[in-house]
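Undergrad: Got chain A; can you put chain B on it based on the hints?
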Amino acid sequence: MSATSSPVVQRKLDPVTFEVLRRSFEYASERMSQVLQKASFSPIIYDMVDYSNAIFDPNVELIGQTANCPVHIAAMQFSVQASLKRYELSTLGEGDIVLLNDPYSGGTHVPDVTLTMPVFFEGELLAVAVSRAHWTDLGGNLDTHIGGEGLRLPPSMLARGGELNHELVGIIKNNTRTPQYVEGDIQAQIGALRAGADEMLRLAGKYGADVVKQGMQEVLDYTQAMTAAAVRRIPDGVYEATDYVDSDGFSDEPLTVRVKLTVADDRIEIDLTGSDPQTVGPINSPYANTASAIYYSLKFFLNPDAPPNAGLYRQLDLVIPEGTWLNPAWPAPTIGCTTATSSKVCAAIWMALAKAIPDKAIAPTCSDANWFVVSAADPETGEVHVLTDLPAGGWGGTPYNDGMHVTMDPLGNCQNLPAETAEISFPVRYLSYEIITDSAGDGLHRGGCGVRLEVQFLGRGQMITMECSRTREGSPGVNGGGYSRRQRQMRRAVDGTLSTIGGLDDDGSWLPQMLGNIGFAPGEAFVFESAGGGGWGPAVQRPAERVAVDVRNQFVSREKASETYGVVLTDDLQVDEPATRERRSQMAS
Amino acid sequence: MSRFAAHFLRGIDETMLRVGIDVGGTFTDLFGWDLSAAPGEQVREAKVLSTPADPSIGVMQALEAAGIDPKDIDTIVHGTTIATNALIERRYPEPALITTRGFRDVIEIGRQRRRHLYDPYQVKTRPLIDRSRRFGVTERMDAQGNTVTPIDREESLRVIREIADLGITNIAVAFINAYRDGRHEQEMKQLILEVIPDAQIALSSETRPKMRELGRFTTTVIRAALLPAVSEYIERLEQKLAAAGSTAPLYIVKSNGGMMRGETAKERPEELIESGPAGGVAAGSYLSELLDAPSLIITDVGGTSFEASLMEDGVGLITDEYEIEWERPIITPMLDIRSIGAGGGSIAWIDDGGSLRVGPQSAGADPGPACYGRGGTKPTVTDANLVLGRIDPTLGGKFDLDLDAATEAMMSIAEALGMSVHDCAEGITEIVSENMASAIRMVSTDRGRDPRDHTLVAFGGAGGLHAHTIAQSVGINAVLVPRFAGVACAFGATTMDIRHDLEATFYSESGEVDADALNTAFALLEEQVSDLLTKDGVAAERATLERSAQMRYVGQSYDVSTPVPSGTLTVDSIAEIATAFHKVHEREYGVYSESFGVAFVTLRVTGVGATEKPDPEAFTAAMHHVHEGNGGGDSIKQRRKAYFNGTHHDVEIHDVKRLSVEQIVRGPAIIEQQDGVIVLPPGAVGRADRYENVLITTEEALA
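These protein sequence lines are chains A and B, in that order.
Counting from 1, one number per residue, gives the positions in the first sequence under the numbering used here.
Counting from 1, one number per residue, gives the positions in the second sequence under the numbering used here.
Looking at chain A on its own, in the form it has when it is part of the complex (with noise of 0.2 Å):
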């Protein structure tokens, strides 16, 4: 709750219509959410939530957006704009929906594909409603050209009137290993473009188009009174950190994000000047897509409960130089954008903001979202199916608590796949979802522990793409808190042994992190260890019972507990405090 003493912003709708105003558009987004993810027929989608769905004015200024991938939150609106400039809006009715997924042509990577419908009030455009998801497979593999990442589609009409384009539909569904879920998912999708419209049009209804419309532009100028109301708070300076991918799967080189944050009064720029050239590797992030990086890092500190909206766009001046890895020309590929860079992009504008707000930044998560694609060929019928999971990581330490275990990085909120659903559906057994002892960043506060996840292939199986990070080193901490341990690919062979396949080996040789056609035999297990997140303030400080709790727990381990923590544990577990005291002062020393 905040002091009353806050800007008042300037207002021709009284304060109740406002608010109401402000809750229904909240709710149609939503709406449509639960209508997309219910009626949905890929896994990705209906269990794995990743999606957006968006409601933008008629001047196409995003207005509010589904809370479920952050990483849409500024690309969404390069998507509508190109399709309206492919269809302009004065050739558009009622019942047309434009689609698109064309990473140079408004998208960002080949599989989200983004669905457009303009929705019409008495005959005069009112809004627009917008619906993103991310389909299980649009053919494509790793590769160092966009044309090889599966198809691309620019701007193309997908329904006119409500009549379904079945060539395009047709063209689809050549052209994936899952054409089973297309018809499926672009219905569901159409449900949700509805759905928003439905809710659309009953403000109208009630209030009348204007009010709406007015009701619209209040609530982009309220997302950007409260940013610039946070933007204040914020010491004026210049911060600047970096981060890295640890390499684009095609050479052993680390990819660098430079971030350097200005602050001026209540508005804050944003220079990636100095960051690598783009790449041949699939991880080059189009301008949409690092925008929407920048974007949602500094929601998190700006105004997290505010509309997700234009209006925080305002306060925030972008300088992205063309013909870096974070700004792309044609033919870079991008399939991992959204999650290898997007989450890079992130961590280092946190770690900047740590030099900023010491106590108020918290320390990076695992910074991945680990997705990675694999087919299974059933052992009987030798029928392939194609499936994808992603293992989170860990989240960092925060000035008021530990991290959070295992939790989806912040790009998305992704659900992960139960082993039941995946055992019933795909010839595969998963035999570890489980927390991986002292994978988490140490410190005052704790990074929260990563996971193990092992996928075994009861026929042939195949790692189509993997798309991972953290494996040099792992989540970095801030003001003092430690490194996470490092993410680890590996595959199991059928007699039990471990080798590596991307990452750091125990031999200290290091293989490229970004998979693609790796074969499994029947049998054979991916194995991966997901890093966790960076500790905040220094381990030593760490009250000696929490650190006792979390060794109870396994969490960390009684060896970790002493060289790291300086805490020394009884046999039974229990603080020994004359020993801790001893060990903890030999430290400081």
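Certain hints may be false.
Said to hold, decoys possible - Derived, one-sided and incomplete: chain A residues facing chain B with beta-carbon distance under 8 Å: (1) A195; (2) E380; (3) S432.
To be verified - Think about it this way: if two alpha-carbon atoms lie no more than 20 Å apart in a straight line, the pair counts; the simulated EDC-like pairs of lysine to aspartate or glutamate are: (4) B/K583 to B/D450; (5) A/K360 to B/D69; (6) A/K12 to B/E232; (7) A/K206 to B/E700; (8) A/K12 to B/D351; (9) A/K560 to A/D576; (10) A/K173 to B/E594; (11) A/K85 to A/E61; (12) B/K583 to B/E509; (13) B/K47 to B/D69; (14) A/K260 to A/D271; (15) A/K355 to A/D265; (16) B/K583 to A/E183; (17) A/K206 to B/D69; (18) A/K85 to A/D96; (19) B/K641 to B/D351; (20) A/K360 to B/D119; (21) A/K206 to B/D400; (22) A/K206 to B/E699; (23) B/K71 to B/E41; (24) A/K360 to A/E240; (25) A/K213 to A/E61; (26) A/K12 to B/E700; (27) A/K12 to A/D210; (28) A/K355 to A/D266; (29) A/K12 to B/E415; (30) A/K560 to A/D571.
Derived from the structure by calculation, the hints contain no laboratory data.
Remember, it's a predicted structure, so these values are computed and weren't measured experimentally.
Where a beta carbon is used, it is the ideal one built from N, C-alpha and C, also for glycine.
TA: This is chain B only, laid out in the frame that chain A set:
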């Protein structure tokens, strides 16, 4: 045949005194029907303070306050929040969990999602069992129920001994794929009993054998956690009642809207999560039949929360996607009751962007609203209603509300917004009503139901304050404020049937269903449900069994409940079930497609043991003070200034007990009940029916 008729035909003298008792956080409510008493004296009511340390004390005090001798009771039905509170406060003997190696963290990790998208400081709630008490063992079954790896007995015994050394006797056993076959879990149970003979054990294959580990594991853990506390509480209450001379069977209200015998409840404590609010839905069900209004939206306004649920054909909608906390799901079928943080204590405030917000923070009971004069300085919804003249400053002589304190609290935000105190107060009531309306959308629009097809029923003493405004916000023109709105849950408890829902996983695509296997599976469930009903004292001729199937399109993971006919199912009837599924799917989600395959996922059998209910005539007779044909005027007990639509009005305050049947009261006006207030804004029209319920509609709808 109407549901009433079935019961009324039976001699109601079988049950003379039927008592419902609802224990809430603040009050313990009692409602009793004494059919041996003279007409007009058959209802017993009491409201006493709850006794959280031992709620059974409050139960006995309520009986005393109502003047009921426990010896005379024929049936006692009890709704209790004991299970829910124990869970939320982690107040239970912490169990151990034994699970498949590699999966002991499922109940802590959940599905990896965070509750607040952009809150950097959020944490997840403490797991229901700490990690140090969760053990993985070597065993494995595949999704078809074949043993891949048998249980490692030696390792298991080591784990069990470790649990025994920790002094733990309540244990949850939940293995991957055990929904398909429970034999590994049964084997583990035997091993546990070898080491800990008095262990209380919950198996996931018995608790809720449904696919997807998080829900099944969590529900099993909840059963194990609650077994000791719930059985101990019920036992204590039974002893107290017996000591006071009662020989009546004790029934406990279940989350599914029915009830079960205390003995059964001790074994199925996870079915008590909505034991409190479920009584309200039963009350709605009774009203639905009484007033021939099949479609209702039931609401309950409390001090800090607002609850809504939807009733179709007199039956509350059921969900199996309930979470007790973020990512802590419980998968027993439960009434779909949605709760949001909005009530009389909700605080109005101005956010960083300058918008007027109401709640979810609440002033609670202490300090409470500013007008309580207990040190509260923040303006609440109750303060707003007082400033507007909508509630009596003396609350009917029971209390002395401080109007000045309320006005001063309101002033602080009114000035910041540049509004008058009265406009600000009215705005607060509108915004809180809009917030409440969002809970109604959750149970209606979000489940494919049009709220406008329903009558809104307002329970809770403050239910009538906002009911009309809430209804208008969702387009409802018919509102019902029942006479017993203040003790609705206790009233509802007296009208409940015994009800059990059991489920089994039966994953099969509809084109490939083995009809014999399906018939066998339903028959087995029906046998189990019948056993439960028999155990709860239901005579065979009073039991009805209903089948349904949770079904989905192949490839989806959300199910919709589809009715299944009784009797032997054939290939043809299976095809008909699939057709019915498309219709249900379209209603819930707005879309369907006959080109996709359909799969059965879970079979459910619902068994109902009908109980006798007081008939409408008894109900009418019980509602004393009903005036027949009095001509208007004398129902006005006072006049007061009240503020509506930006102006002060001189409004009439009516006493509901002095209203004559069908007398029209036009808004702006206020009707006061024994424990509640009904506000009729301009344009609203109220009238009392012969049961002393107040019905509200609009001038337009009336014209």
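Undergrad: Determine for every hint whether it applies to the structure shown.
TA: Verification of the hints:
1. A195: Holds. Min distance 7 Å.
2. E380: violated (12 Å)
3. S432: holds (3 Å)
4. B/K583 to B/D450: holds (16 Å)
5. A/K360 to B/D69: violated (62 Å)
6. A/K12 to B/E232: violated (61 Å)
7. A/K206 to B/E700: holds (16 Å)
8. A/K12 to B/D351: Answer holds: A/K12 to B/D351 is near 18 Å, not above 20 Å.
9. A/K560 to A/D576: holds (15 Å)
10. A/K173 to B/E594: holds (18 Å)
11. A/K85 to A/E61: holds (14 Å)
12. B/K583 to B/E509: holds (18 Å)
13. B/K47 to B/D69: holds (16 Å)
14. A/K260 to A/D271: Status holds; Cα separation ~5 Å.
15. A/K355 to A/D265: Answer holds: A/K355 to A/D265 is near 17 Å, not above 20 Å.
16. B/K583 to A/E183: holds (19 Å)
17. A/K206 to B/D69: violated (56 Å)
18. A/K85 to A/D96: holds (15 Å)
19. B/K641 to B/D351: Violated. B/K641 to B/D351 sits at ~31 Å, over the 20 Å cutoff.
20. A/K360 to B/D119: holds (12 Å)
21. A/K206 to B/D400: violated (40 Å)
22. A/K206 to B/E699: OK: A/K206 and B/E699 at ~18 Å, within 20 Å.
23. B/K71 to B/E41: holds (19 Å)
24. A/K360 to A/E240: Given that 20 Å is the threshold and the Cα spacing comes to 17 Å, the pair holds.
25. A/K213 to A/E61: Judged against 20 Å, a Cα distance of about 12 Å means the pair holds.
26. A/K12 to B/E700: violated (30 Å)
27. A/K12 to A/D210: holds (12 Å)
28. A/K355 to A/D266: The hint holds at about 18 Å.
29. A/K12 to B/E415: The given pair, whose Cα atoms are some 17 Å apart, holds under the 20 Å limit.
30. A/K560 to A/D571: holds (15 Å)
Of the hints listed earlier, those the structure fails to meet are numbers 2, 5, 6, 17, 19, 21, 26, in rising order.
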